[in-house]
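Participant: Residues per chain, in single letters:
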Amino acid sequence: MIEKPTTTYRKRIAIAAALSVAAFALVGLRLVDVSILHGNFSGGAVATDKPLRSRADLLDRDGRLLARDLPVYDLYARPHALVDKARAAKELSSVTGSSQLRLNRVFDSTRNYVLVARQITPDQHDAVMHLGLPGLDFQRAAKRYYPAGRAAAQVIGVTDPDGNGVSGLELGLDKQLRGGEAGEGATTSLDMRIEYILAHELRLAKEEYNAKAAGGIVMNVDTGEVIAMTSLPDFDPNVRKRMHGDSSRNIMVQDVYELGSVFKIFAFALAMEDHTIGLDDQLPIGRGFKIGKWTIREAERMPAFLSARDILAQSSNAGTAQIALRSGPVRQKAFLTSLGLLSSVKSEVPEIAYPLYPARWGQIETATIGFGHGISVSPLSFVTAAAEVVNGGRKLTPTFLKRDGDARGEQIIKPETSQTMRSLLRYVVTNGTGKSADVPGYDVGGKTGSAEKPVNGRYISGKLITSFCAVFPINNPQYVVFVLLDEPGGPKARGVFALAGHTAAPLAGRVVARIAPILGVPRQPVLADAKENT
Amino acid sequence: MVRILNFICVALAGFSCLTLYHVSERTRIAREELTVVNHQIVAERNLTNVLEAEWARVAEPSRIQQLAQQQLGLDDRSSAQLASLELLPRRGEAAAPLATTPLRNASDVVPVKPRNPNIHSVSARTGT
Chain A
-7 MIEKPTTTYR KRIAIAAALS VAAFALVGLR LVDVSILHGN FSGGAVATDK
43 PLRSRADLLD RDGRLLARDL PVYDLYARPH ALVDKARAAK ELSSVTGSSQ
93 LRLNRVFDST RNYVLVARQI TPDQHDAVMH LGLPGLDFQR AAKRYYPAGR
143 AAAQVIGVTD PDGNGVSGLE LGLDKQLRGG EAGEGATTSL DMRIEYILAH
193 ELRLAKEEYN AKAAGGIVMN VDTGEVIAMT SLPDFDPNVR KRMHGDSSRN
243 IMVQDVYELG SVFKIFAFAL AMEDHTIGLD DQLPIGRGFK IGKWTIREAE
293 RMPAFLSARD ILAQSSNAGT AQIALRSGPV RQKAFLTSLG LLSSVKSEVP
343 EIAYPLYPAR WGQIETATIG FGHGISVSPL SFVTAAAEVV NGGRKLTPTF
393 LKRDGDARGE QIIKPETSQT MRSLLRYVVT NGTGKSADVP GYDVGGKTGS
443 AEKPVNGRYI SGKLITSFCA VFPINNPQYV VFVLLDEPGG PKARGVFALA
493 GHTAAPLAGR VVARIAPILG VPRQPVLADA KENT
Chain B
532 MVRILNFICV ALAGFSCLTL YHVSERTRIA REELTVVNHQ IVAERNLTNV
582 LEAEWARVAE PSRIQQLAQQ QLGLDDRSSA QLASLELLPR RGEAAAPLAT
632 TPLRNASDVV PVKPRNPNIH SVSARTGT
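For the record, the sequence lines run as chains A and B.
Quick note: the first sequence, position 436, residue 428 per my numbering, numbers continuous.
Quick note: the second sequence, position 6, residue 537 per my numbering, numbers continuous.
Don't take each hint at face value.
[As the list claims (entries may be wrong)] The following residues of chain B were derived to be distant from chain A, with all beta-carbon distances above 12 Å:
1) L549
2) T558
3) A584
4) A590
5) Q602
6) R621
7) R622
[Said to hold, decoys possible] Derived DEER-like restraints, expressed as beta-carbon distance ranges:
8) L565(B) - V13(A): 33 to 39 Å
9) Y1(A) - H553(B): 36 to 42 Å
10) V26(A) - Q571(B): 44 to 50 Å
11) L619(B) - R232(A): 51 to 57 Å
12) V567(B) - D396(A): 38 to 44 Å
13) L565(B) - I510(A): 43 to 49 Å
14) A8(A) - H553(B): 26 to 32 Å
15) K406(A) - P620(B): 41 to 47 Å
16) A14(A) - H553(B): 39 to 45 Å
It should be emphasised that the hints constitute simulated quantities derived from the structure, not laboratory data.
For glycine and all other residues, C-beta sits at the position ideal for the given N, C-alpha and C.
Make the full structure from the sequences, and use the hints.
Facilitator: Next comes the structure, spelled out in structure tokens:
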């Protein structure tokens, strides 16, 4: 009777002891596991700082930096902690560049926490630290920096002080750039070497001809990539305040122009597509072409008759009007629609322009649109359509992001038509108004365009938009170069010398001459007995 | 038996405490070291970012061209002055065709007239 409880207690103690031993053994095993077997602490639970890049980089097609967030500081102060507020305002003003008047005002206010300066650089941060002032707080922030400065400023765009994209690719790719991790970035289609050359030549030409504005586009005809785009006047994206004469407007995508004779490319492409005329067919030019009560005249004196080929080469308005009328309004409108000229161009750049064309598309409109009047399109829209004409006749979507491989879409023009148009554009350069755009070895084809600017419903003869659309190498086109000058004038561009053949064409030639070797375009031998590609 | 078990348990508890303290201390030190290293990495990356941006600025094409002109006397060449390798004469062969043949297009004449000194004229003028 006495032993039974003792045995029971012992059993219970033994069980409890066994459980304790097992528990300690488990803890011990875990300790061995943690400390010896897996002794290298991974630190996975430790929060790691990320580099201060809240927004991903923008890069050009070769990885060159276009935009990057750099570390800066926002400086705040607690005024009640400042011993000598006037002295603090003076010293902080001299170091950060903030207005001393404003600092005096905010330091004397009743607010507990005031902003002294935003986006001060690390150097300024160190200088402020050396002041030894109490009651200052630094908050880390980021400032968007554009190493290329003014180059392609409108295309790249800018951000606001809070890092939100407000224009250009900064806005168009905002979601992608915000979600990007450090080290990642959006690779654009831009080539900053080409961008520099285009901008440089346009700047020289704008100054030489005293033009109000100038712009240019270089596009790959197989991928639709915009290799370079310049709009002058431009601006410095690193300076928030705009200088006098600067402009953040991208005239290549935001403005529409009556481009004039460069539009004849499409009238001829349609005529070749539908076989409404042969290249050697003669048409009367003489003193103009009468249609209704209007007479279509030429910018320069023309012979009585010209072949269709020479109508394009000499840029005859009367001849092109007759060719356009053979296609008719319905077909012409459908053709321009298929080329995308009657709708706005969508790309990664958010700024767009809507084309202007007549609501009533009759015979007169068909004739004038044939030579590029009565219809206004953005230069980007025009370049895309021109690329479609020469790239074998296939649809193209312009892009500012790098693409690999052929991105041509559906067939909209027969390949034979595209081939004929290439020959015609080469003929314009070898025998027509585009002679000064030729670059030996690169076989440039192209078309000039000189359009009088409409002001209050009337065309002003002295105010021109001159442009040139160059395609090279014409046998196997790779790139379209389009340049535009708004109101070229001055002593070097008076009268006929203001026309595109004397202003825009040589400008395009200079651009091609400089960019072709960089783009690796195969160069043809330059020999006296070489056959012209006509 | 119970005493032995108790002793073992106490000993294990003591050992566990010591080991736990040791591991905890090592963890704390490792965490601090990790924080320092992470800060260093971030600082280095930020510095690298700044230097890359600085490099992009100093290696900008306009600056390179300006330096090439000023320091090396280099300039753009006309396309007619460029040639592909197959056009160059091999050893023992006659002069390359380019050396003796007139240019196909007269438009390749390169006018070199001084312009606005503020803007450097560097292009090969192929037009008229």
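Participant: Indicate, hint by hint, whether the structure satisfies it.
Facilitator: We went through each hint and held it up to the structure:
1. L549: Per Cβ check, L549(B) is inside 12 Å of chain A; nearest 10 Å; violated.
2. T558: With a cut-off of 12 Å, T558(B) comes too close to chain A, as the shortest Cβ separation is near 6 Å.
3. A584: violated, 5 Å
4. A590: violated, 8 Å
5. Q602: Given that every Cβ of chain A is farther than 12 Å from that of Q602(B), nearest at about 18 Å, it holds.
6. R621: The claim stands: R621(B) keeps its Cβ more than 12 Å from every Cβ of chain A (closest is about 16 Å).
7. R622: holds, 20 Å
8. L565(B) - V13(A): 33 to 39 Å: At roughly 36 Å between Cβ atoms, V13(A) and L565(B) fall inside 33 to 39 Å, so the hint holds.
9. Y1(A) - H553(B): 36 to 42 Å: Given a distance of about 38 Å, which is inside 36 to 42 Å, the answer is holds.
10. V26(A) - Q571(B): 44 to 50 Å: violated, 27 Å
11. L619(B) - R232(A): 51 to 57 Å: At 53 Å between Cβs, range holds.
12. V567(B) - D396(A): 38 to 44 Å: holds, 43 Å
13. L565(B) - I510(A): 43 to 49 Å: holds, 47 Å
14. A8(A) - H553(B): 26 to 32 Å: holds, 29 Å
15. K406(A) - P620(B): 41 to 47 Å: At roughly 44 Å between Cβ atoms, P620(B) and K406(A) fall inside 41 to 47 Å, so the hint holds.
16. A14(A) - H553(B): 39 to 45 Å: violated, 23 Å
In the structure shown, a violation is registered for the earlier hints numbered 1, 2, 3, 4, 10 and 16, in ascending order.
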